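Position chain B relative to chain A; hints supplied.
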Amino acid sequence: MASLLSRLPVLKQLRQSVGLQRGMLVTGLVITGVFVLVAVFAPAIAPYGFAQLRGADGPFGAQQPPSAEHIMGTTVGGYDVYSRVLWGAQTAVLVILVAVVCSIFVGILLGLVSGYLGGWLDRVLVVIGDAIYAFPSLLLAIVLSIVISGGQSSLWGGILAAALSITVVFIPQYYRVIRAETIRIKAEPYVESAKMLGASPLRIMFRHVLRNATRTLPVIFTLNSSEALLTLAGLGFLGFGIEPTAAAEWGYDLNKALSDVTSGIWWTALYPGLAIVLAVLGITLVGESLNDLADPRLRGRKRVKARSGAVSMTSVDTTLPSDLEIRQENA
Amino acid sequence: MNPAESVVEIDDLSVSFATDHGAVKAVDGVSLRVARGEVLAIVGESGSGKTVTAKSILGLLPETATTGGAVLLSSRSGDAVNDVVALDGARLRAVRGSDVAMVFQEPSSALNPVFTVGWQIAEGLRAHRRLSRAEAKREAVEILRTVGIPDPEVRVNHYPHQFSGGQKQRVVIAAALVLGPGLIVADEPTTALDVTVQAEILDLLRRLRDEFGTAIVLITHNMGVVADLADRVAVMFQGEVVEQAEAHALFAHPQHDYTKRLLAAVPRLGAGRLVAHDRVAPDARGRAEPAGRPVVEASGLVIDYPGRLGRRGFRAVDEVSFRIGAGEVLGLVGESGSGKTTIGRAIGGLTRITGGSLRVLGHEMLGFSERRFKPARADIGFVFQDPAASFNPLLTIAEAVAEPLVIHGRAASPAAARPRVDELLEAVQLPKGYGDRYPHELSGGQRQRASLARGLALDPTLLIADEPTSALDVSVQARVLELFAELQHDLGFAALFISHDLAVVDLLADRIAVLHRGRLVEEGPGAEVLERPRHEYTRRLIASLPVPDPVEQAQRRAALAALG
Numbered sequence: 026m027a028s029l030l031s032r033l034p035v036l037k038q039l040r041q042s043v044g045l046q047r048g049m050l051v052t053g054l055v056i057t058g059v060f061v062l063v064a065v066f067a068p069a070i071a072p073y074g075f076a077q078l079r080g081a082d083g084p085f086g087a088q089q090p091p092s093a094e095h096i097m098g099t100t101v102g103g104y105d106v107y108s109r110v111l112w113g114a115q116t117a118v119l120v121i122l123v124a125v126v127c128s129i130f131v132g133i134l135l136g137l138v139s140g141y142l143g144g145w146l147d148r149v150l151v152v153i154g155d156a157i158y159a160f161p162s163l164l165l166a167i168v169l170s171i172v173i174s175g176g177q178s179s180l181w182g183g184i185l186a187a188a189l190s191i192t193v194v195f196i197p198q199y200y201r202v203i204r205a206e207t208i209r210i211k212a213e214p215y216v217e218s219a220k221m222l223g224a225s226p227l228r229i230m231f232r233h234v235l236r237n238a239t240r241t242l243p244v245i246f247t248l249n250s251s252e253a254l255l256t257l258a259g260l261g262f263l264g265f266g267i268e269p270t271a272a273a274e275w276g277y278d279l280n281k282a283l284s285d286v287t288s289g290i291w292w293t294a295l296y297p298g299l300a301i302v303l304a305v306l307g308i309t310l311v312g313e314s315l316n317d318l319a320d321p322r323l324r325g326r327k328r329v330k331a332r333s334g335a336v337s338m339t340s341v342d343t344t345l346p347s348d349l350e351i352r353q354e355n356a
Numbered sequence: 013m014n015p016a017e018s019v020v021e022i023d024d025l026s027v028s029f030a031t032d033h034g035a036v037k038a039v040d041g042v043s044l045r046v047a048r049g050e051v052l053a054i055v056g057e058s059g060s061g062k063t064v065t066a067k068s069i070l071g072l073l074p075e076t077a078t079t080g081g082a083v084l085l086s087s088r089s090g091d092a093v094n095d096v097v098a099l100d101g102a103r104l105r106a107v108r109g110s111d112v113a114m115v116f117q118e119p120s121s122a123l124n125p126v127f128t129v130g131w132q133i134a135e136g137l138r139a140h141r142r143l144s145r146a147e148a149k150r151e152a153v154e155i156l157r158t159v160g161i162p163d164p165e166v167r168v169n170h171y172p173h174q175f176s177g178g179q180k181q182r183v184v185i186a187a188a189l190v191l192g193p194g195l196i197v198a199d200e201p202t203t204a205l206d207v208t209v210q211a212e213i214l215d216l217l218r219r220l221r222d223e224f225g226t227a228i229v230l231i232t233h234n235m236g237v238v239a240d241l242a243d244r245v246a247v248m249f250q251g252e253v254v255e256q257a258e259a260h261a262l263f264a265h266p267q268h269d270y271t272k273r274l275l276a277a278v279p280r281l282g283a284g285r286l287v288a289h290d291r292v293a294p295d296a297r298g299r300a301e302p303a304g305r306p307v308v309e310a311s312g313l314v315i316d317y318p319g320r321l322g323r324r325g326f327r328a329v330d331e332v333s334f335r336i337g338a339g340e341v342l343g344l345v346g347e348s349g350s351g352k353t354t355i356g357r358a359i360g361g362l363t364r365i366t367g368g369s370l371r372v373l374g375h376e377m378l379g380f381s382e383r384r385f386k387p388a389r390a391d392i393g394f395v396f397q398d399p400a401a402s403f404n405p406l407l408t409i410a411e412a413v414a415e416p417l418v419i420h421g422r423a424a425s426p427a428a429a430r431p432r433v434d435e436l437l438e439a440v441q442l443p444k445g446y447g448d449r450y451p452h453e454l455s456g457g458q459r460q461r462a463s464l465a466r467g468l469a470l471d472p473t474l475l476i477a478d479e480p481t482s483a484l485d486v487s488v489q490a491r492v493l494e495l496f497a498e499l500q501h502d503l504g505f506a507a508l509f510i511s512h513d514l515a516v517v518d519l520l521a522d523r524i525a526v527l528h529r530g531r532l533v534e535e536g537p538g539a540e541v542l543e544r545p546r547h548e549y550t551r552r553l554i555a556s557l558p559v560p561d562p563v564e565q566a567q568r569r570a571a572l573a574a575l576g
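Going down the list, the protein sequences come from chains A and B.
Per my numbering, the first sequence runs over residues 26 to 356.
Per my numbering, the second sequence runs over residues 13 to 576.
No lab work stands behind these hints, which were simulated from the structure alone.
Given the structure is predicted, the values throughout are model-derived calculations rather than measurements.
Keep in mind that the hints are not guaranteed to be accurate.
As the list claims (entries may be wrong) - Straight line, CA to CA, 35 Å or less: simulated DSBU-like cross-link-like pairs of lysine-lysine:
{"#": "1", "chain 1": "B", "residue 1": "Lys149", "chain 2": "B", "residue 2": "Lys67"}
{"#": "2", "chain 1": "B", "residue 1": "Lys386", "chain 2": "B", "residue 2": "Lys444"}
{"#": "3", "chain 1": "A", "residue 1": "Lys220", "chain 2": "B", "residue 2": "Lys386"}
{"#": "4", "chain 1": "A", "residue 1": "Lys211", "chain 2": "A", "residue 2": "Lys37"}
{"#": "5", "chain 1": "A", "residue 1": "Lys37", "chain 2": "B", "residue 2": "Lys67"}
{"#": "6", "chain 1": "B", "residue 1": "Lys272", "chain 2": "B", "residue 2": "Lys67"}
{"#": "7", "chain 1": "B", "residue 1": "Lys444", "chain 2": "A", "residue 2": "Lys37"}
{"#": "8", "chain 1": "A", "residue 1": "Lys37", "chain 2": "A", "residue 2": "Lys220"}
{"#": "9", "chain 1": "A", "residue 1": "Lys211", "chain 2": "B", "residue 2": "Lys444"}
{"#": "10", "chain 1": "A", "residue 1": "Lys211", "chain 2": "B", "residue 2": "Lys272"}
{"#": "11", "chain 1": "A", "residue 1": "Lys220", "chain 2": "B", "residue 2": "Lys67"}
{"#": "12", "chain 1": "B", "residue 1": "Lys272", "chain 2": "B", "residue 2": "Lys444"}
Bound-form chain A, shown alone (with noise of 0.2 Å):
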């Protein structure tokens, strides 16, 4: 048990760390959790519903500042800003989700074949890839979420437009790194020895390519994670987002805050953008963390004493146990 938790990557990653690298992965592993819980448990923190505009003693009133009723004031539309922000990590956990899970088996499966086919299939879809990289990918996203919503926006319908509109461009970026990765493993010697076995080429993807080259996927699930993020709210800052009726939203909210921003009223443009940064900012230390800690050039640690440590077996003869214990061993 404890071997398979030492491998889980983030565990493992963590407790290789030290000093500054294990600094920032904390910090980056301690916001992300805190913007998990309050997803998970935004129904249960939040004192008022995301569209909740009256409470007991009628109307919260628009643009109310900060008080003991609204920790961080109301909206110009009249909405509790503090419950919007906490329902708003709701709606992002669950875009990233959506996103990532989406483009993730996509991008693997086509990576993989493209990578160890190679052929006509190979530079077809790298020239598909490139086109899209080549593509503002905002605008993408604003084309897609026209198509699928079709201007409606339910708390689905807007999530789906986000989550699929981000999805086409992330496909790609997992279809690149793991057929290059591809491209390196299938010529290592493991892989012509599974195919001087015999085996079928289904077999060698799966059984010997595919567990070795999403060693770097960690890395990509966060940074992509944060970029899905910020894609929803670009979306939602541009108005193309979801309803405030249907979710919370931090984009939509600081578009909203636009005008507030002039005229001195501060918590309805700072509160969502304070979590918009701080999610991006946990998401992406934790990310940065593990692609320094995969490198073993760029992993730090601890310096050693002088004349410390055990000694490693020189001769690898001298490891391998002797004729006579093996047939004790095995007898």
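Just chain B now, with coordinates in the frame of chain A:
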């Protein structure tokens, strides 16, 4: 010996590394001294700390290392002594190059491909002295002439890829020599080179010592190279120097147990005493194939690699004919680029042949079809060169050994194949429990045994072994070769044994085929090829092979010089 006479004096050096698994000590209390104009060889197997010791002379250890003790380095003129361990930044740079320089193992990666060799040699000059471009170039030409590059005035403007491997190593030596350091540290300077080129580089290093009085610290695992060049030898084992002696004394009367074992493990030419027909058990002989029918038969075999657009292809194998009979071991010897690996891959169906005929177990490989050949794969085992890379790192040894059984339908799953896998592991002298380990948890020799087990899993008629021991240390190599011979004796499979090392091939092969630039220059029974070589290239190959005995090696060197 007074300190002024020694170029470097290492006193109680210890080096520890910070790793993911805590501190690891690589060098433990090593004291060495190198006199002016002396060649000190540090020998030992991988992980013995020889390279770390050498690198500490230049202060080249990575940040994760912590060093204790002292490395006292004298300047060329002998008027300054620095403790390299205590130096930092600018003062360390001043010492490097002018007092001590390094020659690396792999000349292709030690040279920067985008600069001319002249520029790279002059780089060292410019770092230490102010001189004009023309002066620097003149010195570069001069030093290239010294190391024996023909037409140095022209060649100084060439890029590394325009030189052969041996010439590249000469350029690296020139760059090390250009500031006239009193000491050169050569880390496995000939390991990446072919044996005939190795002899030339060793000659060059010897000349440096004799003509320029340069001291050399030679790091190597090859006892033949030590016998050829070294004045004094230090044997390292597990981070310590276990024995230090004059070269003649060490080879004649090794004192320490480890030294004795090391010397005993070195394969010697002419030690291959057995012939296959004595080795193959009578009942195993001709088991799979009717008598007289060869397992592999090549006639006029041609393999071309296609060139890039508009360029001619490269002919890797040119009109080669040979046969491997049932239960016979054919040793295929040649230098890098001779086409030996290509032939092995063609027999295994990994490379397509382009001309002639190659029949493997009755299948014609010209116009190869994977579907028709697949059943035959069950009868061919393959052992790869690098045991570390030929195992999927995410599968356990048992799963990897079970792969051939599962693929060819002899077992439903790796778990079902386990009894047979245990049997195989036992046959290659690995404990059964090792089946549950991952490849990285095994040592090099153990992995190569597991690789052998995988190759033999389907009880093949033919085993192709491509340099199976060249990634292993000598003592391990000896045991793997022994094992190979034993298994071949017991199971009676035919084998193609590919190697660049004549002495290794000699131990196992019934017949030896010598390849040179894609052509088969000589083929015949082992004893005949080695004792009465007919082709000039074979003679040179045999003469170039350094033997682990300084006296005999001096004679062989003279003989090689006579060959021209």
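Results for each hint:
Proposed proximity of B/Lys149 and B/Lys67 is supported: the alpha carbons are some 29 Å apart, at most 35 Å. Under the criterion of a C-alpha separation no larger than 35 Å, the hint pairing B/Lys386 with B/Lys444 is consistent with the structure, at around 30 Å. Taking the CA atoms of A/Lys220 and B/Lys386, the gap is near 10 Å; set against the 35 Å cutoff, the hint holds. A hinted pair counts as satisfied when its Cα atoms are at most 35 Å apart, and A/Lys211 with A/Lys37 qualifies at roughly 27 Å.
Proximity of A/Lys37 to B/Lys67 is assessed by CA-CA distance (about 32 Å); at most 35 Å being required, the pair is judged to hold. For the hint linking B/Lys272 to B/Lys67, the alpha-carbon distance of about 27 Å falls within 35 Å, and the restraint holds. Straight-line distance between C-alpha atoms of B/Lys444 and A/Lys37 comes to about 29 Å, which keeps the hinted pair within the 35 Å bound. The straight-line distance between the Cα atoms of A/Lys37 and A/Lys220 is roughly 33 Å, inside the 35 Å bound, and the hint therefore holds.
Taken as a hint, the A/Lys211 and B/Lys444 pair is honoured in the structure, with Cα atoms around 30 Å apart against an allowance of 35 Å. Using a Cα cut-off of 35 Å, the hinted pair A/Lys211 and B/Lys272 is violated, with the two alpha carbons roughly 43 Å apart. For a cut-off of 35 Å, the pair hint linking A/Lys220 to B/Lys67 is broken: about 41 Å separates their Cα positions. A C-alpha spacing of about 31 Å is found between B/Lys272 and B/Lys444, which places the hinted pair at or below 35 Å, so the restraint holds.
The earlier numbered hints that this structure contradicts are 10 and 11.
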